[in-house]
Amino acid sequence: MMTIGLTHYLLLGGLLFSIGMAIIIIKRNGVAVLMGLELLLNAAALNFIAFSHYTVGDVRGQVVAIFIIMLAAAEAAVALAIVLNIFQHFKGIEVDEVSTLRD
Amino acid sequence: MFQSVFAKKIDFEPKAFQEEFGSVINSLKDNLPFIAPELVLVGAICVLILAGLFVPRRDQKGSLGLFSLVALLGAGWLACSVGTSHFPGLEKPDTLFQGMIAFDSFAVFFKALFLLAGAVVVIQTYLSHEFEGFAMGEYYSLMLASLLGCCLLAAATDMVMIYLALELVSIPTYILVIYRKADKRATESALKYAIYGSVAGGVMIYGLSLFYGLTGSTALTSLSTISMEGANAAVVVIAGFLVFAGFAYKMAAVPMHFWCPDVYEGAPIPVTSYLSVASKAAGFAAFVRFMDAFGLGEQIRIAGGESISIQWVEVVAIIAAVTMTFGNLSALFQDNVKRMLGYSSIAHAGYLLMGVVGMKGIAGDVEGFQAISFYFLSYLFMNLGAFTVVIVIASRTGAENIESYKGLGPRMPFRAACLAIFLVGLIGLPPTGGFTGKFMLLKVVILQKYYWLAIVAGINTAISVYYYARIIKNMWLEKGSSTEQILASPLGVSVIGLQAAMVLVLGVFFSPFVDIIQRISFLS
Amino acid sequence: MNILNTLSILAAAPSEATAIWLPVFFWTFALVSVLSSLAVLVVKDIVRCAFLIMSSLSGLAGLYLLLGAEFLAFTQIMVYVGGILILILFGVMLTNREPLLIKRMKATGLVAPGVLAGLILFTAIGYSVCTVDWKVTDQPLPADADTPARIGNALMSDFILPFEMASVLLLVALVGAAMAARRGGAEG
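Chains as they are written, first to last, in this note's numbering: chain R, 2 to 104; chain X, 33 to 556; chain F, 1101 to 1288.
It is possible that some hints are incorrect.
With a cut-off of at most 20 Å between alpha-carbon atoms, the simulated DMTMM-like pairs for lysine to aspartate or glutamate come out as follows [unchecked claim]: (1) X/Lys-61 with X/Asp-136; (2) X/Lys-438 with X/Glu-346; (3) X/Lys-475 with X/Glu-346; (4) X/Lys-438 with X/Glu-510; (5) X/Lys-475 with X/Asp-547; (6) X/Lys-61 with F/Asp-1258; (7) X/Lys-216 with X/Glu-164; (8) X/Lys-216 with X/Glu-432; (9) X/Lys-61 with F/Glu-1264; (10) F/Lys-1144 with R/Asp-59; (11) X/Lys-511 with X/Glu-432; (12) X/Lys-124 with F/Asp-1258.
In short, the hints are calculated from the structure, not lab data.
All chains, full assembly: derive it from the sequences and hints.
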């Protein structure tokens, strides 16, 4: 409890990953699903940084985390552009309201 | 430490810089020729973005398409000839870009495949009626960017590189799906595709982070050092499944297949055709390389090493069986041709996964990944060919439903006959390349003694006859409402004819191609 | 600056006197991130969700400081909190006809499966990461490691290809996003 080690960070990463996944499954709003996605990516980045600090002792993991943040930005930009587009068509961004396609 | 960062006087010493980076710059010089096709693509992307601003809009589909076609064929030629006697004096370094990518015959084969597929898709775009009067600069540059990702993905030997290249394949395709913004189906499917695609990527990178923790390195080669025994087992299993989710999304394998029918139906047909071949092949290439490094034969022990003990190869075999069965059974009930081809593409992902099963150890004269390579070669012509005919039919008659294909045979005899050849190939019957490819896949599976999987594949082939033959029957045996001849363009007819010829060649005179396939390896 | 300085030194070189503060900071930041992300699950209001995510990601930035990754911590704040979340807020506002009206999300029937999936995932990941005997290095980065310079070096040497690839990726993502968000798009 008092000495913080690698396992603490990994458990935290796992917890954030699971919460992110739950958000993705539960929420139907496109923007909210994006928020869950950010949690998934941050859990991965936290893992990389923690491993980099504890098991390797170099900055490679931190560099990977930079790439993850970069990708998150690109994905968010593209997904939000699509959400805007959806809104122009359907006047709503709930994935459920939108269904001209069959399941 | 923050003082050290902010307050430190930056003294730039050329000599120290030379010492530190001299070797890096030198190695760059040696490395760059080996990514020549990728560099051509990057150059073409920039030119296309700019040209889209200056070329008159009504000409863009043709002129920018021609430019992309030339760039793709040039890059394809470079991909095949760099490292051969065409460019004497090129010394291949031991590792390219500090081990980020490999330059081996496997990567070269798949690069050539992607670039050829890209060239066909550019022609399909030109034939399609869907982009009349559109600004096409962005379209072609996004297509080329995605192909750039495919090329790098097939060569990637580092986990960071795999993840980045996978996203470079995906992100442009999200926009390509939505390119016709007026289409409601397209926007809806693009939202699902983009969001769940990003989620699959996030899941994958989390799995890769666990592998990084186990090995302390992001290089794929380090994966083989992971011991599956004892305490590691649980985390290896979880990380393995999470990483598989990312690959499966690209390959459209169960359980990450759900986007496939919607996106195939919603997207413009050339984009669908691109997704069904190039981006799927890229996912497979990376998965095969990953599994080669990871090792398929390893035992996984769950719960203390005693209770359950399975092998990765069995997991892949089960997923292959479920994927092909699901794809084929769902395709039976489709009316829309694009949607049917979407489910058929899921089924083909299942067949191709059989090749991954065949990668375990040595299997006869053609190994699993070589069978996959050959199948993709025939799949390229069969599937792209089928989509080309579908595009022509949709452009000339607006028909996308299987019912409305009735009586098309006599109205466009040559192209309908070619479509029949493509569909026979997709079923996997002789004398087409589909048969040769499926035969090789079955053979490697049988040599691994996975008889049940071969039987499942056989049953699936029989099921698939029904829905593919339904199109052929509608075209030739049923009477349509009209008997008017459908206009043929020389370009469309020749492209379709060439692809049909290739399908037949791969089915009859396959030995030169098998020779090429047999030389494919991960080493050189 | 002093607080940040202390934090990183705490993490990198815990001495007897400072060691006691490390868990305090860890638990504070960890609780902030976990509680705010849990709250996202319950809160219906999308603007509030965005701010909760913001606090969760800021908590993570604090943890990055504890891990000796101060460059990452600031990148996190600038790119995530300053960039991506603002983008998301823009998205929320642009898709709302009355910007200040709160957009509520529909709950779906998937609450139970979602919670269940989250619990199963956490159990599986938690069990597995606790059982593994991670090889902890005996040579962690020193406290004055100058990580930004090291990251810069790594980006320009080992990671030069992914770095350049990332630039192409960002270019096409921008071009594509601009195309998709433009009214009328490629036709208009």
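Status of each hint after checking the structure:
1. X/Lys-61 with X/Asp-136: holds, 19 Å
2. X/Lys-438 with X/Glu-346: violated, 43 Å
3. X/Lys-475 with X/Glu-346: holds, 17 Å
4. X/Lys-438 with X/Glu-510: Given pair X/Lys-438, X/Glu-510 holds - Cα atoms ~5 Å apart, limit 20 Å.
5. X/Lys-475 with X/Asp-547: This hinted pair holds, its Cα atoms lying about 17 Å apart.
6. X/Lys-61 with F/Asp-1258: At roughly 15 Å apart (the allowed maximum being 20 Å), F/Asp-1258 and X/Lys-61 satisfy the hint.
7. X/Lys-216 with X/Glu-164: holds, 18 Å
8. X/Lys-216 with X/Glu-432: holds, 16 Å
9. X/Lys-61 with F/Glu-1264: Holds. X/Lys-61 to F/Glu-1264 sits at ~15 Å (cutoff 20 Å).
10. F/Lys-1144 with R/Asp-59: The given pair, whose Cα atoms are some 42 Å apart, is violated under the 20 Å limit.
11. X/Lys-511 with X/Glu-432: holds, 17 Å
12. X/Lys-124 with F/Asp-1258: holds, 18 Å
The structure fails hints 2 and 10 (numbered hints given earlier, in ascending order).
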